[in-house]
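Asks: Residue numbering for the sequence shown is -7 to 769, as defined by our numbering.
In short, the hints are calculated from the structure, not lab data.
Mixed in with the good hints, there may be bad ones.
What the hints assert, rightly or not - When the alpha-carbon atoms are kept at most 20 Å apart in a straight line, the in silico PhoX-like pairs for lysine-lysine are as follows:
(1) K510 / K525
(2) K288 / K256
(3) K622 / K466
(4) K256 / K450
(5) K288 / K248
(6) K450 / K525
(7) K602 / K248
(8) K642 / K622
(9) K280 / K450
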Amino acid sequence: MNSSAKYNEAVLFEIDPVCHMNVMPETAAGKYEYNRKTYYFCSPRCVERFRANPDQFLGGQRGTGKMGSDPSRETGVLLDTMGHAPREGSDPRFSRAPSQIFTCPMHPEVRQIGPGFCPKCGMALEPEVATLEEETNPELTDMTRRFWIAAISTLPILALGMAERLPLVQLILATPVVLWAGWPLFQRAWASIMNRSPNMFTLIGLGTGTAYVYSFVATITGLPVYFEAAAVITALVLLGQVLELRARSRTGAAIKALLGLVPKTARRINPDATESDVPLEQVHIGDKLRVRPGEKTPVDGIVLEGYSSVDESMISGEPIPVEKTAGDRVIGGTINGTGGFVMRAERVGRDTLLSQIVAMVAQAQRSRAPIQRLADVVSAYFVPIVVIVAALTFVVWVALGPEPRLAHALLNAVAVLIIACPCALGLATPMSIMVGVGRGATAGVLIKNAEALEVMEKVDTLVVDKTGTLTEGKPGVVTILPGGGRTSDEVLRWAASLEQGSEHPLAGAIVRSAGERKVQLSAASDVRAIPGKGVSGTVDGRSVAVGNRALLEERGIDTSSVQHPTEVLRNEGQTVMFVVLDGTLAGLIGVTDPIRESTPETIRSLHREKIRIVMVTGDNRTTAEAVARKIGIDDVKAEVLPDAKVEVVKQLQQGGQIVAMAGDGINDAPALAQANVGIAMGTGTDVAIKTADITLIKGDLRGILRARVLSRATMGNIRQNLFLAFIYNILGIPIAAGILYPIWGWLLNPMIAGAAMTFSSVSVITNALRLRKIHLS
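Build the full structure now, drawing on both the sequences and the hints.
Replies: Below is the structure:
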């Protein structure tokens, strides 16, 4: 899975010595060692060109750049996409702060400081991390201005062209349209040729350039001119760029909505008990903050006093407000209800859950799904093939077409070049991924990478941990059976004294029960955790152990006297912990972790999705099977040690099953990494969340259903886009070449081809934007 540098830390770049693009070593397309120095490249073609003659390129080598120490910034000059410094005031796109990293939505490996265009596909780069501030998009502003000037100038050209009058006047009017308004299109076409990466702008440049140059020569020689075709196509392509840029800006709406949740100030309670409103940047860990009714929670923290209900729907996707009282956690950005509370700041800045969500969504939106490889392979051969088809079209019409043969040949060849622009094909996957990942974030489903989103719809087996996934993760003591003449409080005291330093949920239940009974605890020493079995140590000079049957068997302790009550408790779904004092059985404690209210219905829904559910737990088999029967689990793997969970996943995969693993603990991390899709509960440990491919903010199985629906909808949307792109070109190219002329006398005017090309790109983006409205249930 791709990793990404933290956005607010320094980012190291190497400069591709061939095309001078900024390249991150960890995401470089290739590297080559020469004279004891390693050079990094943006594409395999650049590697090949460098390997053939390194000295040819090293004269222009710019060295390594770093945000904060980039050589281009030391002189106050910002390099453009081709590695050249723009003239002062020559390009409004380079007016932003040079520290911002821009990237290509179709080629996320293309990253540079400042705006520009992608040398691979020609698309305008966009900020890698969205910001809440409304910024003027310099690319959109520039393209809009060029479009309106081109459109106004094209109208008289079109009128004169249709009347076939005043070719010299047409030349004068068309020149600024094609050469000034259309200059960015030619820039990108030239960049694609220089980088050996033909794209839509290669075809546009060839088409409009050919029509303009031919008409220029025809003006002198007295032949028919086609300035209106060159001008109209230029205007239509610029219109397409404007519409595309506007539509693309809407794909980041989900991140902007999340950023909008964060308040700008917080009300801090000072040490002298006075209160003041301070900017959010001045809030530090440990600060006491007051959250009044209707306000947004400023940062992540713990409620110290007060009571309220908090609307967490914008983060978790759950519409019902969550009650909060002392000791409960609150999330920054959530909206407080009618009550008020005082909280202690626990996580601030980039460490808050909301900041991590934004970073994760941004990273996922830039990742590439495996299905994108199809479009990549097709695109690599598509443009050269189109150029060949256009050339053949020209030759055939010159040789066999009706008079005027040259005019027919030119117009049909240009129509082929324009209508075949592969922009829709390139946009098909990344636009859907960007919108789909954003939609998931607003429903509490965080997708870490596009591959997980693609695989999720294919999952046929779900492996789940019991505690914290199927259950609440907040077990409580319900039974204490003392032995040897001891009381329940005595058994609880020995167990809780030993367990008070443990973070295990069962240990927490025992310690909480002791607190509720006001049992006085003692300090424990020599405490040793025995993975999958229990814990041992010394309390008040006596040897104490708390654990399962395996722990007792290891110590040779007979449990036959409590076998019957143990089985009764386990059949009721209780987890039984044995308490051993000085090598003898002192009693047992029954703990129950309530099943989540949503679990049974979610299990039924997953079954309707034809997903087999396997519960993996370290709990006793009787207890595990009792829980499984209650909620309808298909298979149970009980008494599994933490390090064996990954083996369960491997065995299922070896059987040909596509496995998703859902868990929340540190011991689930290896299995989450092994699974085809790892799903972490947002209420679990940071290790599990960082290891998983998908994180469910709310932390229950309903999020898995949402992820499944989201995956199916996104992949369906991508397939629709690819179909639209492929069918458009499959039908459009032959028609543009004139295949229907012998039958019905139909020819495709290049201006109509330009309009169709614009429509294809916008239709793909519009279709992708429909994902914002899907209902995740």
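Asks: Starting from K602, check that the Cα of K248 is at most 20 Å away, please.
Replies: Outside the cut-off at roughly 36 Å; violated.
Asks: Quick one, are K280 and K450 close enough, alpha carbons at most 20 Å?
Replies: Status violated; Cα separation ~47 Å.
Asks: Starting from K288, check that the Cα of K256 is at most 20 Å away, please.
Replies: 10 Å, holds
Asks: Below or equal to 20 Å on CA atoms is what counts here, so check K256 against K450.
Replies: Violated, at about 42 Å.
Asks: Taken at face value, is the distance from the CA of K525 to the CA of K510 at most 20 Å?
Replies: 28 Å, violated
Asks: Does K642 pair with K622 here, judged by a C-alpha cut-off of 20 Å?
Replies: Violated: K642 and K622 sit about 27 Å apart, past 20 Å.
Asks: For the pair supplied as a hint, K288 and K248, is the alpha-carbon distance within the 20 Å limit?
Replies: 16 Å, holds
Asks: Quick one, are K622 and K466 close enough, alpha carbons at most 20 Å?
Replies: 18 Å, holds
Asks: Are K450 and K525 close enough, with their CA atoms no more than 20 Å apart?
Replies: 36 Å, violated
Going through the hint list in order, the structure does not satisfy hints 1, 4, 6, 7, 8 and 9.
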